[in-house]
Each structure stands twice: as structure tokens, then as C-alpha cells.
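Between the sequences and the hints, there should be enough to build the whole structure, so can you do that?
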Amino acid sequence: MLREPSPAVDWIERRLLLLASLFLFFTALAITLAPAARTRSWSADLRWEHWLGLLVWAAGFALAQRRLQRCLPNRDPFLLPVVATLSGWGLMVVWRLLPGFGARQTVWLALSLALLIVGAQFPQSLALLRRYKYVWLTSALLLLAATLLLGVNPLGYGPRMWLGCCGVYLQPSELLKLLLVAYLAAYMADRQPLLLLAESRTGGGRQRLTRLLPLLAPTLIMIGLALALLLIQRDLGAAMIFVLLYAAVVYLASGERSVLILAVMGLVLSVWIGYRLFDVVQTRVDSWLSPWLDPSGRSYQIIQALIAIANGGMIGRGPGLGSPGLAPLAHSDLIFTAIAEEFGLTGVVALLMLFGLLAARGLRVALQAQDHYRRYLAAGLVAMLTGQALLIMAGNLRLLPLTGVTLPFVSYGGSSLVTSFVCLLLLLLISERGEAAPGKVYRPAPYLGLGGFLFVGLAAGALAAGWWMLPRAAALVNRTDNQRRAIADRYVKRGALLDRDQQPISISSGEPGAIARQIVYPDLSNIVGYTNATYGQAGLEASLDEYLRGERGNPGLLIWQERLLYGQPPPGLDVRLTLDLDLQRLADEHLNGYTGALVALNAENGEILAMSSHPTFDANRLDEQWESLVKDPRAPLVNRAVLSRYPLGALAERLFPQGLAALGVDPLPAMRLPLNGVQSPQTPIQIAPQGNHTPTPLGLQPTQPARGGVALLASPLQAALAAATLTSPGVRPAMEIVSAVLTPVGGWTPLERLSQPQRVLEAQQALAQIEPYALPAEQIWLAVETVEPHTSNALVWVLAGTLPEWRGAPFALAVVIEGEYPDQAEKAARALLNALMGGSGATLSPK
Amino acid sequence: MSGPILLALRLLLAAALYTFLAWALWIMWRDLRQQTHQLAALAPPPLILTLKNDGAEQIYRFSTAEVIIGRDPTCNLRLEDKTLSARHARLSYHHGHWWVEDLRSTNGTLLNAERVNEPMVTTGGDLLRCGAVLFEVNFEPT
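As you go down the protein sequences, you meet chains A and B in turn. Count the first sequence with numbering that gives the first Met the number 0 and you get residues 0 to 846, in order. Count the second sequence with numbering that gives the first Met the number 0 and you get residues 0 to 141, in order.
Honestly, the hints are just simulated from the structure, not real lab data. Keep in mind it's a predicted model, so treat the numbers as computed, not measured. Using N, Cα and C, we set each Cβ at its ideal position, and we do this for glycine too. Don't take each hint at face value.
[Claimed, not checked] Which residues of chain B face chain A? A few of them, derived with a C-beta cut under 7 Å, are: (1) SER1; (2) LEU6; (3) LEU8; (4) ARG9; (5) LEU11; (6) LEU12; (7) LEU16; (8) THR18; (9) LEU20; (10) ALA23; (11) ILE26.
[To be verified] A few chain A positions that, by computed beta-carbon distances, are all more than 12 Å from chain B: (12) ALA102; (13) LEU259; (14) TRP271; (15) GLY319; (16) PRO756.
Next up, the structure:
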């Protein structure tokens with residue numbers, strides 16, 4: 000029986016295995032060094048544990064290769080290396096994602112290889128599989144039925160499709176799939192003469208199908224049983240594969256194309272029915288057809304998968320340098336996305352080519368097999384392995400609805416790995432055909448059809464991956480639900496927000512990997528905003544994010560290089576605001592305990608010197624306070640100075656008879672004021688929650704026309720600008736809150752102003768309008784107005800500014816306090832004016 | 000420094016992976032080429048059929064692996080003879096020999112006066128009779 004071993008087979012196999020181990024060695028080394036690159040320091044904890052997996056892999060495949068050389072000297076030399084690459088790759092990715100699962104997968108790999116080595120010595124197992132086909136299939140069905148009673152799910156929830164004991168779990172549907180293919184191959188081979196007869200006797204397609212039906216009856220009963228069990232279990236992905244496999248094997252044996260058409264039509268029909276009846280199916284199909292509608296709910300998984308794929312780009316982020324673990328089930332169902340993110344398009348194309356190689360060699364084995372049974376079995380196994388790979392990869396790429404099946408050889412999962420290795424064993428046994436010449440192939444078309452279908456599918460996968468990774472990448476990676484940005488914030492220092500004297504307002508500090516954002520002056524929280532991994536960004540932190548994150552203002556080459564090498568943005572840029580912390584403190588002292596807002600600005604150059612909104616919150620304690628902040632009826636998250644609009648009452652008539660628009664103050668959406676740093680109208684400041692009553696009495700009313708007897712509404716910011724226009728006098732200044740960005744090349748660089756100073760009123764006219772409120776002794780004007788007194792909507796406005804007699808820079812401010820507190824409002828305004836005019840020693844450094 | 004080292008590793012692992020694929024494909028292509036050459040070397044020795052009717056000899060030479068004799072226009076050797084069927088007999092080269100096969104002709108095929116009921120191997124100098132048409136079968140040495 001033993002013949003001279005073929006040197007070529009041995010040589011090819013060894014050379015390919017060597018290349019595979021080289022690939023895995025570099026991958027493992029990259030995973031080891033990745034923490035150093037992430038934290039940019041060699042003192043980081045390097046990862047070593049996955050080398051254990053690589054060791055087992057190398058020893059196992061070396062041993063398997065030697066044993067196969069002895070037992071099956073004329074086997075196909077490509078199958079083992081291809082499987083070795085796939086399984087080693089999967090093993091490394093699983094170790095990298097979840098070391099605990101990696102250890103388990105290593106044990107399963109050792110078991111699978113042991114099975115391969117032992118199985119290779121029993122070529123008669125093919126015949127046994129054929130002879131006792133009903134016994135095998137029935138026992139697998141019984142195992143599957145047992146899951147209905149004894150089934151568990153290792154996760155503790157979800158469909159109970161596993162049989163488990165003592166920490167080891169088996170999924171009988173995996174085994175059943177394999178045995179079903181073997182059963183069908185054996186059955187079809189036994190009925191081959193009858194099949195041929197059925198074909199030769201009749202001509203018409205429909206007649207042939209009816210002739211075929213009685214032949215297929217027993218198989219229909221068996222597959223019906225399997226399908227019923229799977230449907231009861233809700234293992235819909237496996238059920239789909241069963242139907243497709245059945246159709247594929249019957250097509251291979253009978254050459255009857257209508258079987259395929261019927262199967263596909265049946266699947267589409269059952270998906271449609273399932274869509275109507277089962278919530279599971281509806282969720283999957285909905286999230287496939289329109290995932291963008293519900294990105295944080297039903298389609299969370301697929302959106303996160305696409306973001307991970309998009310983050311890969313051309314060559315990937317590098318093993319250990321991406322964040323593929325963000326997508327749920329990245330180690331099993333979504334392992335393709337993990338590979339896509341860290342190995343990029345080059346990796347994905349190689350992965351698809353490996354499956355293509357597997358399919359090509361497998362079909363070749365099928366065609367060269369000595370009899371029909373082996374031929375159907377080999378082709379069926381190829382259809383099973385490659386078809387399942389296509390199904391899950393297409394699901395990851397949103398070409399098909401996502402189904403919960405594994406990527407053969409690659410995904411985590413003991414049952415799947417063992418079953419896939421049994422497939423490999425059977426293919427190797429079939430490829431060892433000795434002296435016998437290949438039997439006659441009655442119908443070559445189905446083999447070509449199957450191969451063509453699989454190759455077209457793999458090519459479609461490569462195209463889809465390219466689509467998400469290149470043209471669509473930017474849009475996906477910049478989505479706000481891409482948590483990689485929050486992760487980057489922990490590793491790369493975010494720029495600081497400084498006041499006009501470069502006192503810190505909001506800073507990042509800590510070791511790489513644990514960098515945290517801290518607001519040094521918490522009362523500014525609802526102005527400056529926050530950047531938080533859970534709650535996103537708001538305020539200036541959001542609108543200045545590109546600078547603070549270093550994605551803007553840095554040289555393009557640096558940004559590109561940092562992304563290529565580390566997958567991170569470069570260190571963030573510091574931003575200097577026009578706010579003055581001394582004035583800010585004064586403003587906050589006076590507003591503390593009240594509900595209202597204050598804006599003070601230089602009426603000449605438009606710099607905002609203080610902006611205060613109360614009640615406020617502490618951005619440092621956002622994680623613990625979020626729930627109560629959102630529910631708080633006083634809406635502490637809202638920046639009232641910018642967002643809330645209050646009626647000006649009688650002040651509108653007296654101070655601004657021409658309306659705000661004539662002063663160059665856009666009376667409509669407050670956020671559209673040309674204020675740099677607050678450019679985006681969508682700046683995600685948390686808007687009031689739904690309570691029993693509106694949190695800010697009039698603050699967030701819908702827009703009303705400014706004239707025609709209806710109350711004129713203005714935000715404190717708008718009112719302050721209008722007051723500054725009267726103070727200047729008659730020239731509307733160009734407001735700004737961001738003064739400069741510290742760029743590595745140009746030093747402090749001022750931001751582009753979004754508007755220019757503009758004369759909107761004759762100086763005489765402006766002075767005439769503030770005349771009634773002038774206090775010449777103090778060189779200021781001051782208007783105090785209580786709007787709607789004695790009602791629950793009562794509020795106090797104070798608008799004030801300097802008079803032309805004042806020799807220093809002109810200032811203007813607006814204060815609003817909800818409720819009837821005119822004294823407090825006036826006190827605040829006067830305190831600020833005093834400080835601005837040097838009364839309390841607060842001096843403003845020149846910009 | 001860790002970034003450039005990792006970039007080098009990433010390029011190396013991609014290179015190893017693609018070397019694997021390229022080498023596997025190259026070996027497969029080499030196998031294919033070898034097989035093509037082998038199959039090309041199996042080309043049949045050209046078949047010489049000498050028509051021996053009416054005393055006048057006529058020679059036909061074929062370099063294909065299959066020759067069908069009959070009255071049908073699609074036959075490789077088409078003869079207008081009433082004793083021939085439309086597709087009368089087939090000569091084909093496989094397993095290293097030229098084989099003769101009767102295609103259920105009306106008047107039968109005889110090889111050296113022996114009736115051809117199943118495919119038979121011919122050798123140089125054999126006499127092949129299809130209906131009333133007589134050939135001498137010869138091969139050109141390759």
C-alpha cells in the first residue's frame with residue numbers, strides 16, 4: 000500500500016508552510032510591539048501571550064505535514080498550507096482581540112490538528128461515512144434535537160444552540176452541516192444510474208424534475224427534519240446554508256438547474272415570510288436595507304462593522320493598532336472586519352484569494368476523484384466552506400443581510416474549527432487517489448458553475464471592501480459614533496483651551512493610554528462644553544475639535560504620517576480664547592444661584608471678555624451627573640447666553656427702535672451669529688429635556704417675527720452685540736471668542752474672522768438712543784428693564800456700556816436674569832463695568 | 000521609533016502573505032503548463048486512409064484525434080456511397096492507440112473481415128470495410 004512519496008508534493012507544501020509561518024511571525028511580532036506604538040513609549044506593557052498560540056500552530060502543522068507525507072503521499076499540496084494560513088491568521092486575530100478566547104482557540108486548534116493526523120491514517124473512513132450515512136445523519140439530528148432540551152448559550156443569553164458541559168461547548172449544527180453533505184453525496188452517488196436514466200428518458204425540463212422528485216424524496220425528508228429543528232432553534236443562518244448546500248449537491252449530481260432556481264426562490268420567499276412573522280428576520284433585513292436610520296440600535300453592529308472596515312484603508316492600521324473590538328462579536332461573526340481594519344484592503348484581498356485558492360484546489364480534487372461519491376463529497380465540502388465564507392463576508396460588507404455564521408478556519412469557535420478541519424481531512428483523503436484514473440464526469444457544467452459562482456462572489460467581496468475602504472472611508476471614519484476618536488483622545492494629548500492671558504480653562508493630562516480631559520474652571524462648562532467618550536462633545540470643545548485634535552492647523556504631511564504610523568492624529572493644538580478668567584469669575588459670582596446669562600465684550604474689536612450662563616454644571620463630573628443633568632428642569636446643559644432667546648420688552652422700543660436686523664444683528668437663529676468658534680449651527684449643545692414645563696420660560700420659543708407688535712426676542716449674546724453697536728457708537732463690531740491657535744509652524748495664528756466691523760448707524764443717532772440711560776458721572780449708560788413683571792415669565796434685562804467720554808477701550812454688556820431680581824442684575828452689570836474700567840484692578844492685557 | 004518599526008513589520012507580513020499567494024499560483028501555473036505539454040505530446044500519429052475501391056487508390060491524411068466516416072456533410076471523411084450510413088464509423092485516438100468504432104451503421108463495419116461491435120484497436124496495414132467501401136489503415140511515424 001505504501002508507495003514512494005512524491006517529492007514535489009512535500010517540497011511545495013513545506014515551502015508554502017514556511018511562507019505562512021513567516022507571515023504569522025511578522026504578525027505576532029507586530030502584535031507584541033503594538034502597545035509601544037500606541038503609547039509611543041517602549042516602557043509600555045508589550046504583549047507576549049499570543050506567541051503560545053503561534054508555537055502550538057507551528058508545532059501542530061509541522062507534525063501534521065510529516066504525518067501526511069507518510070500517510071497520503073499523493074495528496075493535494077496546496078490544501079494544508081492554505082488552511083494553515085487561514086487558521087493561524089484567525090488564531091492571531093482572536094488572541095489579539097481577546098486573549099482568553101485565544102487560549103481556548105489554541106486548544107481547539109491542537110485538537111483539530113490531532114484529529115487530522117489520526118484521521119489521515121484511516122482512508123477507509125470515507126467508505127464508512129458512505130455506508131452508515133443514515134446512522135451518522137440521524138445521530139447528528141438527535142444531537143441537534145437535544146439542544147432543544149439541554150441547549151445552552153456560552154454567553155448566557157441569546158439562542159441556545161450549544162451542548163455544553165464543564166466549560167466546553169459544542170454546536171451540533173456545525174457537525175450536522177458536514178454530515179448532511181456526506182449523506183447527500185453518498186445518496187446521490189448510490190442513485191447515479193437512476194439519475195442518468197431519469198435524464199435520458201425525458202426531454203422537457205418540467206418532466207425531468209418530476210422524475211427527479213421520487214428519487215429525492217428520502218433526502219427531502221432528512222433535510223426537512225434538519226430545517227425544522229434549526230427553525231425551532233432560530234438558527235436562521237445555518238438553515239439558509241442547509242438549503243443552499245442541498246441545492247448545490249443535488250445540482251452537482253443531477254445537473255438540474257431548476258433545483259438551484261427553486262432553492263433561491265424558496266429562500267427569498269421564506270425571508271419575505273420571515274420578515275413578516277419573525278422579529279429577528281425583520282431586524283436583520285431592516286438593518287441591511289437601511290442601516291443609517293438606526294445606527295445606535297438595530298443596525299449598530301453593521302454600522303460599527305463598516306466603520307471598522309473603512310478605518311482599514313489600503314494597508315490597514317497594523318496588527319494591534321486598530322480598534323476592531325468595538326464592533327460586537329468581532330472575534331466570531333465579525334472577524335472579517337477585524338482583519339479588514341488591521342490588515343487593510345491588501346489583507347482582505349489576500350484573504351479572499353486564500354478562499355479562492357481553497358475553492359480552486361477543492362474543485363480540482365473533486366474532478367480528479369475516482370468515483371461519484373468522492374466527487375460529490377469534495378464539491379459539496381468546497382461549496383460548504385467557501386459558500387459559508389462568502390455568506391458571512393458579504394454580511395460584514397453589507398452585500399447581504401448579516402447572518403450569524405462563522406468564517407471557516409478563521410472565526411473563534413471550537414465546533415466550527417473542528418468541523419472545518421474534518422472537511423480538510425476528507426478533501427485530503429479524496430485527493431489521495433492512488434493509481435485509479437478519474438472516473439468519467441457526466442456533467443462538467445455544474446462544477447464550472449459552482450466554481451464560477453464562488454469566484455464571482457469573492458471578486459464581489461473584494462470590490463465591496465474597496466468601496467468601503469477607499470471612496471466611502473472618510474465619511475464613515477468621521478461619523479460621530481466612531482468611538483475610535485474617543486480612544487485616540489486617551490492616547491494623544493488634546494490641545495488646551497486657554498484664556499486671553501493663557502490661563503488654562505480646559506486641559507488634557509496623564510500618561511498615554513490614560514489621558515483625561517479636565518476643565519480647570521468648571522463654571523464655564525456650558526460655554527466651553529465637554530468632550531466625553533460616552534456623551535460626545537459640546538460647546539467650544541465640539542466646534543474647535545479639529546484644532547484641539549490636531550487634524551487642522553498641523554502640516555498635512557505630519558497628519559498623514561501619524562495616521563500611517565500610529566493610526567492616530569498628531570498632538571492637538573492649544574487654542575486661546577478672548578475670555579478673561581478674572582472677569583469670568585466676577586460674572587459667575589454674581590449669577591451663581593440665579594437663572595440667567597451674561598455677555599461682556601469689547602465694543603470696539605468685538606472680543607468677548609466674559610460669557611456666563613447659570614445654572615451650569617461641572618464637565619469633570621459628567622459621567623456621574625449626566626442622568627440628573629438631562630432631567631434637570633432648569634436645563635444646566637444649555638448655554639443660555641447663546642441659545643436662549645428672551646423678549647426684550649419695552650427695551651426693544653426704546654433702545655432699538657429700528658429693530659435688531661438694522662443693527663446688523665441677525666434676529667433669527669442665535670447660533671448663526673458670525674462668531675468664530677461657534678460656527679456650526681448644529682453645535683451639539685444639549686437642548687432642554689422634556690419636563691412638565693419648558694425649562695427656560697421663553698428661551699427656546701419658536702421664532703417670531705420681530706416687528707408688528709409681537710415681542711422682540713434676543714439672546715443675551717445678540718443683545719450684547721446690539722448694545723456694543725450703540726456704544727461704539729454706530730459701528731457693529733466683529734465678534735470673536737477664539738483669538739488664536741498655537742500652530743507648530745507659525746506660532747500663535749489668529750483665526751479667520753467671520754465678519755467685518757460695519758457702520759450701521761450714524762454716531763449721533765446711536766448716542767441719541769442711549770441718551771436716556773446715560774450716567775455721565777460714571778461715564779456709562781445702563782438700562783434696566785423688568786419684562787412681564789408679576790408673572791411667572793418675569794425676567795430682568797440689563798444692557799449697559801461705556802459713554803464716549805470714557806477714554807479707554809469701549810465696553811458693552813448684557814445681563815439677563817429669569818425672575819424679578821433687578822437689583823442683582825444691575826449689581827452684576829455694575830461690578831463687571833467697574834472691573835472693565837479698571838475699578839477693581841482687573842486689567843486687560845492687549846491681545 | 001516604534002511606528003516605523005511596526006510599519007516595516009506590516010509591510011513584511013503583507014509581502015510574506017503575497018509571496019505565499021504568488022508562489023502558490025506560480026506553481027499551479029507551472030503544473031498547468033507541464034500538463035499542457037504532456038497532453039500536447041500525446042498528439043495522435045497522423046492517420047492515413049487509402050481508399051481501395053475500383054482499383055483506383057485515393058489517399059486521405061488526418062491529423063485530428065477523431066475521424067468520422069459517412070455520407071453526412073459533417074463527417075471528416077465524406078463519401079457518396081449508397082452502402083454507407085450518414086455517420087458510419089469513428090476512428091479515434093486515445094490511450095495511445097487508434098480505435099475503430101461502428102456508429103450503428105446499416106451495413107456494418109468490418110476490420111480485417113471481423114465485425115466491429117465494440118471499439119477495436121487498429122494497427123498499421125489493417126483493412127477497414129465500411130459498407131462496400133474498403134480502406135487500408137496506416138499511420139505516419141511521428
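**Study point:** Least C-beta distance from A:ALA102 to chain B larger than 12 Å
**Key:** Per Cβ check, A:ALA102 is outside 12 Å of chain B; nearest 23 Å; holds.
**Study point:** B:SER1 as an interface hint toward chain A, with CB separation required under 7 Å
**Key:** holds, 4 Å
Exercise for review: Would you settle whether the hint for B:LEU6 is holds or violated, based on the nearest Cβ-Cβ distance to chain A being less than 7 Å?
Suggested key: Holds, because the Cβ-Cβ distance from B:LEU6 to chain A comes to roughly 6 Å (cut-off 7 Å).
Exercise for review: Mind checking the CB of B:LEU16 against every CB in chain A and telling me if the closest is under 7 Å?
Suggested key: This hint holds: B:LEU16 lies near chain A, its Cβ roughly 5 Å from the closest one there, short of 7 Å.
Check your understanding: Per the CB criterion, is B:LEU8 less than 7 Å away from chain A?
Key -> Because about 4 Å separates B:LEU8 from the closest Cβ in chain A, which is inside the 7 Å limit, the hint holds.
Exercise for review: With 12 Å as the threshold, tell me whether A:PRO756 passes as away from chain B on beta-carbon distances.
Suggested key: holds, 47 Å
Review point. How about B:ARG9: closest beta carbon in chain A under 7 Å, or not?
Key: With a minimum Cβ separation of about 5 Å from chain A (threshold 7 Å), the hint on B:ARG9 holds.
Point to revise | Distance rule for A:GLY319, whose beta carbon must clear each one in chain B by more than 12 Å | key: At roughly 8 Å from the nearest Cβ of chain B, A:GLY319 sits no farther out than 12 Å, so the non-interface label is violated.
**Study point:** Restraint satisfaction for B:LEU20 [CB to CB of chain A, less than 7 Å]
**Key:** It holds, given that the least Cβ distance between B:LEU20 and chain A is near 5 Å, below 7 Å.
Point to revise | Agreement of hint B:LEU11 with chain A interface, Cβ distance less than 7 Å | key: holds, 5 Å
Review point. Taking the least C-beta to C-beta distance, is B:ALA23 closer than 7 Å to chain A?
Key: holds, 6 Å
Practice item. Report holds if the minimum CB distance from A:LEU259 to chain B is greater than 12 Å, and violated otherwise. Key: holds, 28 Å
In this structure, only the earlier hint numbered 15 is contradicted, and the remaining ones agree with it.
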